[in-house]
Amino acid sequence: MVDWVGIYSVVLLVGSILMTAMVLVYTRMRACRTRVKQSLERCYLSILNRHLLEGGDLSSGFPLIDRRYSRLILATIVARLGAVTYGYDRSVLAAVVRRYALDRLLMQQASFSFGMRRVQWLHTFAMIDSAEGVYRRTLRRFGRSRNRYMALCMTLAALNHNPERSIAILAERRMPLSTFDLSEVLMMLKRGLIPVAYQPLLRSEYKNVRMLGLCIVRYFGVTEAEDDIVATISSSDSEVASSALFTLCALRLRLDRNEVRHASQRMNEDERRAWYRHLAAEGYSSRAIAKVLPANEQPQLREYVEQTVASYKRCLTN
Amino acid sequence: MYKIAIISPDPFLRELLCNSFALTEAEISTFERWSDSLLVPLSRCNLVVSLIGYPFLNGYDAALRLRGGDEATENERPRIYVLSWLHDEQNVVSMLESGVDQYFTLPVNIPRLCGKIAAQIGEWRNG
Chain A
1 MVDWVGIYSV
11 VLLVGSILMT
21 AMVLVYTRMR
31 ACRTRVKQSL
41 ERCYLSILNR
51 HLLEGGDLSS
61 GFPLIDRRYS
71 RLILATIVAR
81 LGAVTYGYDR
91 SVLAAVVRRY
101 ALDRLLMQQA
111 SFSFGMRRVQ
121 WLHTFAMIDS
131 AEGVYRRTLR
141 RFGRSRNRYM
151 ALCMTLAALN
161 HNPERSIAIL
171 AERRMPLSTF
181 DLSEVLMMLK
191 RGLIPVAYQP
201 LLRSEYKNVR
211 MLGLCIVRYF
221 GVTEAEDDIV
231 ATISSSDSEV
241 ASSALFTLCA
251 LRLRLDRNEV
261 RHASQRMNED
271 ERRAWYRHLA
281 AEGYSSRAIA
291 KVLPANEQPQ
301 LREYVEQTVA
311 SYKRCLTN
Chain B
319 MYKIAIISPD
329 PFLRELLCNS
339 FALTEAEIST
349 FERWSDSLLV
359 PLSRCNLVVS
369 LIGYPFLNGY
379 DAALRLRGGD
389 EATENERPRI
399 YVLSWLHDEQ
409 NVVSMLESGV
419 DQYFTLPVNI
429 PRLCGKIAAQ
439 IGEWRNG
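Line by line, the protein sequences give chains A and B.
Reminder that position 126 of the first sequence reads as 126 in the numbering used here, one-by-one numbering, no gaps.
One gets the numbering used here by counting positions in the second sequence from 1 and adding 318 to each.
It should be emphasised that the hints constitute simulated quantities derived from the structure, not laboratory data.
It cannot be assumed that every hint is accurate.
Stated by the list, open to error - Residues of chain B clear of chain A, computed beta-carbon distances all greater than 10 angstroms: (1) F330; (2) L334; (3) L341; (4) A344; (5) R362; (6) L382; (7) R385; (8) P396; (9) Y399; (10) E415; (11) Q420; (12) V426; (13) R430; (14) C432; (15) R443.
What the hints assert, rightly or not - The list that follows gives simulated cross-link-like pairs (lysine-lysine, DSS-like), each with its CA atoms no further than 30 angstroms apart: (16) A:K190 with A:K207; (17) B:K434 with A:K190; (18) B:K321 with A:K37; (19) B:K321 with B:K434.
Ideal placement from N, C-alpha and C gives every residue a C-beta, glycine not left out.
Working from the sequences, and respecting the hints, build out all of it.
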């Protein structure tokens with residue numbers, strides 16, 4: 001008679017031993033791959049950074065660069081180096097991209113990947129100086145995507161490729177720019193890739209361009225733009241008007257104006273509550289806020305203003 | 319030899335700064351994050367470059383602790399540079415008031431930062 005229990009036990013035991021061995025091998029391989037990746041990252045960053053700081057030639061090149069995996073690491077290093085620094089010679093980074101065809105590699109990698117990995121590769125692509133042909137092909141392939149992250153990557157790539165057309169690129173963009181998108185564009189601007197001229201942006205007829213203008217004014221604290229900001233508060237687009245109102249407060253400018261009063265009357269209760277919270281955080285006193293409260297403001301919101309202002313320990317702006 | 323400590327949770331930035339500062343001929347040590355156990359080794363450094371700003375803002379008084387209170391003389395105190403993505407005036411002023419010597423916002427100009435450190439080292443050398 002066959003002992004089925006014994007056979008099952010042996011099969012289970014062998015299976016579990018095999019599974020454990022596979023997990024161990026996989027873990028070791030993964031750890032080894034991570035170590036190789038870290039070593040290559042350190043090596044490539046060192047070579048590139050030394051070359052950017054001290055000059056010299058890159059003819060000796062990068063070790064193991066003939067492998068696709070290594071070139072992807074180099075592409076990531078070039079993109080990150082460009083993202084966190086400014087003042088480096090961009091032509092050196094562009095030359096590295098051309099020499100190892102990193103732009104084409106990133107485009108292929110984005111085509112092979114899906115989901116957020118594709119976005120990640122496209123974002124890396126947007127940070128490097130790509131060749132005209134590769135840029136056009138990438139734009140054709142991904143430019144019509146309705147995925148907002150991919151659309152942002154393509155906008156960033158377009159801004160990086162044609163910085164002199166930045167206003168036109170933002171005007172042509174179909175999707176509105178979110179706060180996250182604006183911060184990404186602002187980072188490019190801070191690296192000196194896009195010209196900072198806020199007046200044409202604030203006076204533009206396109207929503208995205210005006211939002212970027214307000215973002216720039218807020219970021220750099222341009223109080224000279226006061227008249228343009230006040231004019232924007234009366235804009236028919238509620239999102240632009242709200243952004244202008246918050247920009248006025250962020251610059252701690254005078255609130256006692258008809259435009260601000262009208263804007264506060266147009267807001268619903270939740271929007272007013274958020275705005276009062278922002279005013280308190282920016283350091284406005286309850287007396288200054290009282291001047292722009294609608295005459296028929298609810299008692300609980302008046303009390304909310306008092307409590308929120310009292311909760312911030314700040315020098316108050318009257 | 320002058321000692322520089324770099325504190326950054328981001329390995330890329332840590333490596334980038336370490337690589338760049340190596341040109342200033344200083345001894346460089348890197349740390350991933352702030353902790354109480356770091357105070358002693360950091361206080362022996364001439365310059366601390368931190369990419370983490372919160373120990374200077376949250377009441378921890380990192381600058382005061384690093385400099386060993388009021389007893390340490392001016393020359394014994396490590397200089398503190400902070401690099402951060404925070405750019406609003408309130409944070410920058412708060413950090414400078416809490417004892418930070420230089421504040422840089424990211425993205426940073428690496429040649430300029432290295433130049434400042436080289437100038438600082440030259441100042442120490444010349445007494």
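Hint by hint, here is what the structure shows:
1. F330: At about 6 angstroms from chain A, F330 of chain B fails to clear the 10 angstroms cut-off, so the statement is violated.
2. L334: violated (6 angstroms)
3. L341: violated (6 angstroms)
4. A344: Holds, since 15 angstroms exceeds 10 angstroms.
5. R362: holds (26 angstroms)
6. L382: holds (20 angstroms)
7. R385: Since the minimum Cβ distance to chain A is about 26 angstroms, R385 of chain B lies beyond 10 angstroms and the statement holds.
8. P396: For P396 of chain B, whose nearest Cβ neighbour in chain A is about 24 angstroms away, the distance exceeds 10 angstroms, so it holds.
9. Y399: It holds; Y399 of chain B is separated from chain A by about 16 angstroms at its closest Cβ, greater than 10 angstroms.
10. E415: About 13 angstroms separates E415 of chain B from the closest Cβ of chain A, which puts it past 10 angstroms; holds.
11. Q420: holds (16 angstroms)
12. V426: With a cut-off of 10 angstroms, V426 of chain B comes too close to chain A, as the shortest Cβ separation is near 6 angstroms.
13. R430: For R430 of chain B, whose nearest Cβ neighbour in chain A is about 6 angstroms away, the distance does not exceed 10 angstroms, so it is violated.
14. C432: For C432 of chain B, whose nearest Cβ neighbour in chain A is about 7 angstroms away, the distance does not exceed 10 angstroms, so it is violated.
15. R443: holds (21 angstroms)
16. A:K190 with A:K207: Measuring from Cα to Cα gives roughly 21 angstroms; hence the hint holds.
17. B:K434 with A:K190: The given pair, whose Cα atoms are some 21 angstroms apart, holds under the 30 angstroms limit.
18. B:K321 with A:K37: holds (29 angstroms)
19. B:K321 with B:K434: Holds. K321 of chain B to K434 of chain B sits at ~15 angstroms (cutoff 30 angstroms).
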